[in-house]
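Trainee: The primary structure of each chain is shown beneath.
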Amino acid sequence: MTTAAVQPALALEGPPDPELVRIRDLVYREAGIFHPENKLRLLSDRCGRRMKELKTPTLREYFKCLTANAVRGELVALLNEITIGETCFFRNQPQLDALRQIVIPKLLQAKSHLPLRRLRIWSAGCSTGEEPYTLSMLMLEEAHGRLRDWTVEILATDLNERSLEHAKNALYGTYSTRNLNPHYRQKYFTQIAEQLQVQAPVHNSISFSRLNLSDDGRMAFMKGLDVIFCCNVLIYFDLTSKRRVIQHFYNNLLPHGYLFMGHSESLYGVSDDFRLIHLPGATGYIKGERSPAGK
Amino acid sequence: MNTAATKASLLSRVGGLQQIPTIPAVLAPLLRYLQQPVEQLDVQKVTALIAQDKSLAVQCLQMANSPLFGRWKKIDSLRGAILGLGFHRVSDIAMSCGLLNMMPKECDGLDPVALWEHSLGCALVCRHFARLISYPDPSKAYLAGLLHDIGIIVNLWVFPKEFHAAYDLARAQGIPLHEAEQSVLGFTHCDSGRLLAEKWELSPDLREVVSHHHMLQESLEHAGLVALVELSDLLCRVSGLNYGYIENREVNLLEQKGFAVLSQQCQGLKDFDWARLTFELDSYMDEVQSLVRTIYRT
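The listed protein sequences derive, respectively, from chains Z and P. Here our numbering is used: the first residue of the first sequence is 1, the next is one more, and so on. Here our numbering is used: the first residue of the second sequence is 1, the next is one more, and so on.
Treat the hints with caution; some may be incorrect.
Dumping the calculated DSS-like pairs for lysine-lysine here, alpha-carbon to alpha-carbon at most 25 angstroms [unchecked claim]: (1) K187(Z) with K168(Z); (2) K39(Z) with K55(Z); (3) K64(Z) with K39(Z); (4) K73(P) with K39(Z); (5) K257(P) with K106(Z); (6) K54(P) with K73(P); (7) K74(P) with K39(Z).
Derived by calculation from the structure, the hints in this document are not laboratory data.
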């Protein structure tokens, strides 16, 4: 086997390699996930892994691989590298803090005049379940406080049956649980050998089901939602499919509902119906008034 | 403590007090030059001025070597900095260091460095944002961002205890600092900044920025620049380039008055990618913090 002399994609002792910046911009344009300057090293490492696999010696040639493939094959492979290991409990703490401290109180206030005291949260693309369980624990923490007398329903969907099976089994290893603080670990988990089992009360508010976000028929039935989490899922969709899913999300959400995406994931160029909002250390989207032209 | 009479009396106390910072000898001509068209600048004269102040010169070199100022090759002299970065950029740097030196080293237990990190961060964001939306004068935007909170310098020197109480209140409740100042002091850093801006004879546009960046509706002639600073300031305060605490609220930049004002002047704001700008701020944070702490220790 001949080993191609793979360049270190980036040694950030100097200005960013223009080829890496080109790849960064391509990834942002195509997938909506942005790597600022201080995260370029991460992108560089991920490109490096793919370049090694493909025996592609330079970033310039790797850029060609990314753009030459009409079916986005290499882009998907790179996105897999970028998001690898991101699934864990409490993945984005500022986002979760903002949900608990700002978004939930605002939703409760907006719904205070309604007879049905119910919140519906959807984890769209829940993978192996860490996200919905995290949301459930957060809501349980509020059960005797803000959410007293409220019912919380968490819908958790994914396309992949095996991921859903894993989620329902609710048994997790050290990598997934690395961000768990002792409070949550002791209160909501049981140690089983080397793994942690999510306890029943955390399950109770969650319903897991298989759903393809591209299935227009079924998407139309997801109604009355207050918050949607869809993190690192739409990056794999092409622009047309992404727009269709976002259009569904808009219809699925109640007025003033919220959409949260992955860290550094953007809806720019995808939808004018959602408004970017800034929360402490996090961003999210809020359902805006639709323009008369229905843009 | 909120009556107009109290506010007037406190502000007169500011005006009369000796503690109100005078602009350092090096910065006065720099500031004058920076407010002029670049072709009128006397490079030799200002370089000699900066070089006279050894500590300032060292700080300038530290900052000039930061990637924040776009330089990756080591710079080891002021002359090299001017050749590599350009005179205007070096003047920006000298002004930034000079202002940091005006912060009291100790302020009733309050660490003033975080407040200055916000000013430097805001200056960088103002310049970057100005470029992205094709605002006509990004250098002026940098200076405006750097100076917008000079009222805090006044409050730190003249009312350290009261300002500390206001800061604690803002931090505990996650509210904007100017709201806490209004509640504790009866006036804000915009009011005290206005006095300092007059004393320093800042140009009218910078005076408006200092006085009205939290009250854009009162801005008269230079609302565009004030709006640019208002939006950049807000973006910094809800991100990591804040005053050392994060405001606990939801912000929609498109609903800010500054957005409406600036949109009329800058076509670049139409379809602007706010998400990308927000993510880009991430890359400033660590650099700004480590740079400021290094310079502050010098």
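Trainee: Confirm or reject each hint.
Mentor: Hints, one by one, checked against the model:
With a CA separation close to 19 angstroms, the supplied pair K187(Z) and K168(Z) stays within the 25 angstroms bound. Between K39(Z) and K55(Z) the alpha-carbon distance is near 24 angstroms, which keeps this suggested pair within the 25 angstroms criterion. In summary, the hint linking K64(Z) to K39(Z) is supported, as the alpha carbons are separated by about 22 angstroms, within the 25 angstroms threshold. Taken as a hint, the K73(P) and K39(Z) pair is honoured in the structure, with Cα atoms around 21 angstroms apart against an allowance of 25 angstroms.
Between K257(P) and K106(Z) the alpha-carbon distance is near 23 angstroms, which keeps this suggested pair within the 25 angstroms criterion. Distance restraint check for K54(P) and K73(P): the Cα-Cα separation of roughly 22 angstroms lies within the 25 angstroms cut-off, and the hinted pair is therefore satisfied. For the hint pairing K74(P) with K39(Z), the CA-to-CA distance comes to about 23 angstroms; that is within 25 angstroms, so the pair holds.
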